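Engineer: Read off the chains here:
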Amino acid sequence: MNMTDADVTSFLEFIRSRFHYDFTGYAQASLRRRLTRVAEKFGCANLAAMYELLTRRPELFEIVVPDLTVPVSEMFRDPSFFRALRERVLPYLATFPILRIWVAGCSTGEELYSLAIVLAEERLLDRAIIYATDINPRALQAAEAGIYDLARVADFTRQYQRTGARESLSHYYHADDKAVVFDRGLRRRVLFCEHSLATDGVFAEVQLVICRNVLIYFGPELQERALGLFTDALCTFGFLGLGPRETLAFSARRTAFREFEAETRWYKRS
Amino acid sequence: MPGKGDATGRHAMVRPLDDASHQQALARRLLIALLTPVLLLLLGGVLLAFQLGRMAEDAAWVDHSQTVLATAYDAQRQMSDQESALRGFLVSGDHTYLGPYRQARPLEGLAHLRVMTTDNPLQAATAAEVQRRYEKWLELAASVEMPSVDLGELRSLDAMRERNERMDATREALNEFIARELQLRVERTAVAAGSVLATRYALAGLVIVLAGVLAWLSRHQLVAITNTYSDALRRERDTKTQIEDRDWVSAGVVALSESLRGEFHVDQVVERALRSIATRLGAEVGAGFIEARGGWTLRAGHGFEPSEPLVVPRGDGLLGRAVTARGAVWLDELPHDYLRIRSGLGDAGPHQVVAIPAIADDHVGAVLELGFLRTLTMREREFIDRVGEPLGVAVRSAEYAQRLRRLLEQEQRHTEELQSQQEELRVANEELEQQGAALREAHAQLEERQQELEEANAVLEGQTLELRHTERELATKAADLARSSRYKSEFLANMSHELRTPLNSTLILAKMLADNEPGTLTSEQVRFAETIHMAGNDLLALISDILDLGKIEAGRMELRPSKTNIAGLIEPVMRGFEPLATNKGLELISDHAELREIELVTDVQRVQQVLKNLLSNAIKFTETGRVSIAVSIAGERLNITVEDTGIGFPSEEAEIIFEAFRQADGTASRKYGGTGLGLAISRDFARLLGGGLTADSVPGSGSSFRLVLPLTQGHETPIVRPERIPSAAPLERQAPERQTAARRDNALLLIVEDDANFAGLVADVARDLGYRSAIASTGALGLELAQSLAPRAILLDLRLPDLSGLGVLDALKQDQSTRHIPVHVVSGFDHAEQALALGAAGYVTKPVTRDELAMAVRKLESLSPSRPRHVLLVEDDAAARESVMTLLEGPDLEIRAVTSANEALAALREATFDCMITDLGLPDKSGVDLLRTIVKDESLAFPPVIVYTGRKLTEGEEAQLRGIAPAIILKGARSPERLLDEVTLFLHRVETDLPPDRQRMLRRVRDQESKLTGRSVLIAEDDIRNVFALTSALEQKGIKVIIARNGREALQRLDEQHVDLVLMDIMMPEMDGIEAMRRIRATKAWSKLPIIALTAKAMPDDREECLAAGANDYVPKPLQMDRLLSLIRVWMPAGVAS
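Each protein sequence line maps, in turn, to chains F and S. Counting in my numbering, the first sequence runs from 1302 upward without gaps. Counting in my numbering, the second sequence runs from 2 upward without gaps.
Among these hints, one or two may not hold up.
Below 30 Å or equal to it, Euclidean Cα-Cα: the simulated BS3-like pairs (lysine-lysine) are [as the list claims (entries may be wrong)]:
(1) S:Lys-937 to S:Lys-926
(2) S:Lys-953 to F:Lys-1569
(3) S:Lys-512 to S:Lys-564
(4) S:Lys-585 to F:Lys-1569
Treat the hints as calculated values from the structure; they're not laboratory data. Remember, it's a predicted structure, so these values are computed and weren't measured experimentally.
Using the sequences and the hints, build the whole thing.
Structural biologist: Below, the structure is given as structure tokens:
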């Protein structure tokens, strides 16, 4: 599909003005691929046709968003990250009387439930307030429902066991023959909110920010903006957990943090 | 009819056993029908053949009789011929007559007869008789042949008779035989004729019987065959109906499968299946359920609109039974009100309801329920039984497909993510490569540099070697010199001290004697005593000189600079020497009148000592003429020249005269007296004061000594690296080995001192101790450098040209970025107490010795990197107290541990602390109360507080505490680490905020705007930071602040008290701002309450949502206070504060 830079730019501008979703700061190459796929999915030959379609039927945008934002996630992804969370980060954070946590870009909630499970096992869930935010309302709905395909649970379980598990994962969900639903209790301390790292601001002081595999889709400026939000939101000695391919090394914000565990991408605010 | 053939074929296929038996029966019947006449015919044929055989036999017997008769007649004829022949011969005698006789052979015929009649003994016997009688004849006849025949005899009657007789007998027998044979032949002919007749009758009978049998058989078998055929036809008809039904069912199933073919969602599958089945069966209502949400969820409806999501619990009712049974379940007798099926004209209850489970692999994926107004036919029921499986398969396929789609999507996204990660890696890689390239370039440059440096190095190394050699020699010599010099100085210092002690008592006693109070001494004795006293004083002066020199050389000379003016410096000295000069008839003049009021800072005492020395020398060595003082100012320097018209000294001795214990002329001292130390001491003093002393002379015509002193030092060199100070101070000579003292990295000493010389001196000392130094000549510069350089320690002179030293100290201590730096105060003025009160680490007064300076710097060093930090620890549990103290223990930390709230208050009253750590559970008062007391009591300094507690806190408690204590730590496994972090942070944090007490002072300056003062604002906000930022900003304006942490609390607060305005955060736990605003607006009393929404989101939609929910206005985070305040002013309703 032919797609000039100008096409992409004007299409993203259209999305921004019409739907208030700002993808302009996203990493271009990846966004381009996703735009191509979305256009193909709707049978549009080019972005102009896509523009036409969305102008005529704006309600379709709800379906477009998830395709543009890559809501992919799995539970206990990179078990070593969660192991470090459990063994090193949380014992420190346990000294805060109330633990406010921001899961930025929570997508369909896999990471959120993983976090909630670890918190519950470390007996911190009752003292925590978790802000789960995402730009995509459908993903948030899915996160709030906490229902996952049964076929994925085997993988979840394997990953979970490598995080220093204290229970069987089945302790936390109820399964029928197609899907599992995670315990309502895991989200009793969670606040689901739409929030865009591209346009919105800091909303609370938090002790822990987890934002994994979100920044990789952002361009350098947007990355910097998001990291700025995390820096401002975190209290002194708060923690920031990033995805395995994300780093503070190229950010101006690195001075506000020190590496707590470099290999698992844990940073401590100083 | 091809259809029929088909049907038969299908029938055969369907029921092969029946058909085979049927055919067998038919064949059997056909066989019987065919075999019976054949068997009968065979039987008849056999009988006929037998009869024909009999007939042929009978005919043969007739033939036989014929043959026998013919043979008999032949024999008769031959016998007759023989007889005739014989008679002819006998008559004629001619032998030719005998020819027939000889040819005839009756005997052969007769033998043949016998053979032929062996079957009939009577005839055989007769034949034999014939033969015998013929042979008897023949015996007679045969004699004819005999040669000796007597014809005559033969011709005789007798012979004739005899032959006749015999022939007749033979004939008779033969006739009897023929007669009998004829009789036989008649009999046999009759028998043969009877046999033919019998055969004819038999044949006719056979035909008749056969026809009868055939007729009977055929009828019977045909009836049977007809029956079989009509049976078969009937069966075939049945089969056809069955096949049609089956076709109908199959077609339905096929149609269903057709409709389910393609990629559908499970819901669609159920819906399409329902439509297809319901349409085919003409069902009035139908519903499709799939398994979800823990039960059977209604997903499709036929004949009614599913109004709301219906979930039938698993195992319940018809559906459950159908699922359990794994097959369709019927409900026939339905209650009247089971379900009403409506049409435009009326409604009716369904007659029959069926639940059909969709089964695949014994798993039920969906259930359809159908309702009918009629009873279903068998084939419809069969159809229903048959649809479960294809439907189950379709549902399962749809599920699989769905799962596959999901997996595929997930896979695609994974791929996407991977690609993004690759992208990111690539970008990171590029960045790294760029950085790498830059580094390589830098590296190349560095290498180039390094080569240059190496070259230079090599050159330098050569020089260094030489230098080192020289240096070593010098060092050895210098060490020798220094040693001897030190010994000398020490000796002098000790000696003078030792001398002064006995001298003191001598002087006191001499003075007492000279005073002669008892009046017991003569005037002579009094004069002696006065002489002793005077001489002792001289001795004391000498010793003082020696002592001064010794002190200077030992680096222990103290300078006491103070502010003065030129008049105050010179005039008292001149006044002291005027009588002496007058006595000697010398003129003593000075030209300083115009410069009298010029101010300078210096050690007045020492300068005057120098002047005294110079004047006394001048007067001493001048017999006639005058001694004049010339004062001038050159730049920042004061020149005082003392000139005389005395003996002078050779110019080459101009330096020697300054050396201790030497004078220009060894004899001079003897002639004029004096120690010869004066000039040496004077020059040392001058240098110590930052100036110098030089001499010039023409022997015989007088000499001139010029004292140069700094007037206002240091302005031209704000920062002077001590290394670069061309130090003229004698101290420079001191102990070269100390120069090698280890360097301390970053150990920077800031010297705030306007006296460049003194500053240089301090810098020297600092360098010896391994410090780098920076010198600030003014207070302002000192403050600036203290902030920018962050020195390890500060040495502060209290007397500065621009600011008061105490002012600088206070400013240093007020500034969070510099308050931790230890400050040592050096001054000529005695402000020790104030300085220490302001936070100085130590205090020395000028003049100060090198040792004292060194001690001061060392003390600062011991305080480094910071002055002692005072931590107040409030903890009643001894073990906990001990552990915290051990944890925090450090050289720069002083921990004051108290066990109760009251002790803590007492401690806070006594001293200032940098940080306070408190437990919440205290024996006399709760920690929270303690903190509240401290906050309220304005007289108490309020350090940053760390709450260190084992108790869990509610959100409310936390919010309350967070206003007072910046850090709250719950005890746990990692709490020591966190405590250490927080304490370190508070003790060393570079805060941009003012100290809390300052903030409080500011807060007291209330905003006088009457519109806001006394009004109450409800802040509904979950973020603690914002709450306190808002609280302090609003309280400054005199606004009463009420806090709620979520929407629910906000509503409660509104219920409890009067609120003028609400600041409403949107993202809050429990109940968010939108919901809270809606509820507020729903209450009539609050419909006019101004609400300003605070939100982190920037979307115009959110703004609209806020306004729609009832907000009057909207302010985005991060909050800008002035903007918010103006909004509050805008929306604050006019009216009297409540």
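Engineer: Each hint should be assessed against the structure and marked as holding or not.
Structural biologist: These are the hints, each one checked on the structure:
1. S:Lys-937 to S:Lys-926: holds, 15 Å
2. S:Lys-953 to F:Lys-1569: The given pair, whose Cα atoms are some 24 Å apart, holds under the 30 Å limit.
3. S:Lys-512 to S:Lys-564: Violated. S:Lys-512 to S:Lys-564 sits at ~36 Å, over the 30 Å cutoff.
4. S:Lys-585 to F:Lys-1569: Roughly 87 Å between the alpha carbons, so the hint for S:Lys-585 and F:Lys-1569 is violated.
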